[in-house]
Amino acid sequence: MAPKQRPRAPESWAYAYQLNPPQPEPRFAKVKMLLRCARLAAQRDGRRWTGQIVMEAHITHILVVTDAPHEVRAVDRAIDAELKRLKMGFAITGPARVSLPRVTLGKRAPRTPTRSGGRSHST
1 MAPKQRPRAP ESWAYAYQLN PPQPEPRFAK VKMLLRCARL AAQRDGRRWT
51 GQIVMEAHIT HILVVTDAPH EVRAVDRAID AELKRLKMGF AITGPARVSL
101 PRVTLGKRAP RTPTRSGGRS HST
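All residue numbers for the sequence shown refer to my numbering, where the first residue is 1 and numbers rise by one.
Please note that a few of the clues may not be correct.
To be verified - Lysine-lysine pairs mimicking DSS-like chemistry, simulated, CA-CA at most 27 Å apart:
hint	residue 1	residue 2
1	87	30
2	32	87
3	84	32
4	30	84
To be verified - Derived Cβ-Cβ restraints for the label pairs, each shown as a range:
hint	residue 1	residue 2	range
5	57	10	26 to 36 Å
6	92	58	17 to 27 Å
7	24	91	15 to 25 Å
Everything labelled a hint here was simulated from the structure, so no lab data went into it.
Computed from a prediction, not measured in an experiment: that's the story for all the values here.
Cβ coordinates follow ideal geometry from the N, Cα and C atoms, glycine included.
From just these sequences and the hints, can you work out the full model?
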């Protein structure tokens, strides 16, 4: 009898928008809404797509993780348009394969405490 093979985890890819100079959080209201809507639409379609705004002292990032990096999605076009409307200078990195831990749907991975005790801001 052949050993049972575990199903392969779907590949995940990450890419980022890099906004320089960094921008204040209130300017991102519409971008946050776009990220939230895109995540919900992907979930309904059984896909992976999530985005997060990360603010640092010298640059702001919008990080995206997806299972379909080469699909030009409406949300990417909408984010581009909103950043241009706000006159924010930005660059987009190419997609890079990332390894994510396998998680059972419906359960969150355990949180690991941050060293600095900082807070993360969800979209």
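Hint-by-hint comparison with the structure:
1. 87 to 30: Holds, because 14 Å separates the two Cα atoms, which is no more than 27 Å.
2. 32 to 87: Since the Cα atoms of residue 32 and residue 87 sit roughly 17 Å apart, the hinted pair holds (cutoff 27 Å).
3. 84 to 32: Since the Cα atoms of residue 84 and residue 32 sit roughly 15 Å apart, the hinted pair holds (cutoff 27 Å).
4. 30 to 84: Given pair residue 30, residue 84 holds - Cα atoms ~13 Å apart, limit 27 Å.
5. 57 to 10: 26 to 36 Å: 35 Å, holds
6. 92 to 58: 17 to 27 Å: 18 Å, holds
7. 24 to 91: 15 to 25 Å: 19 Å, holds
In summary, the structure agrees with every hint in the numbered list given earlier.
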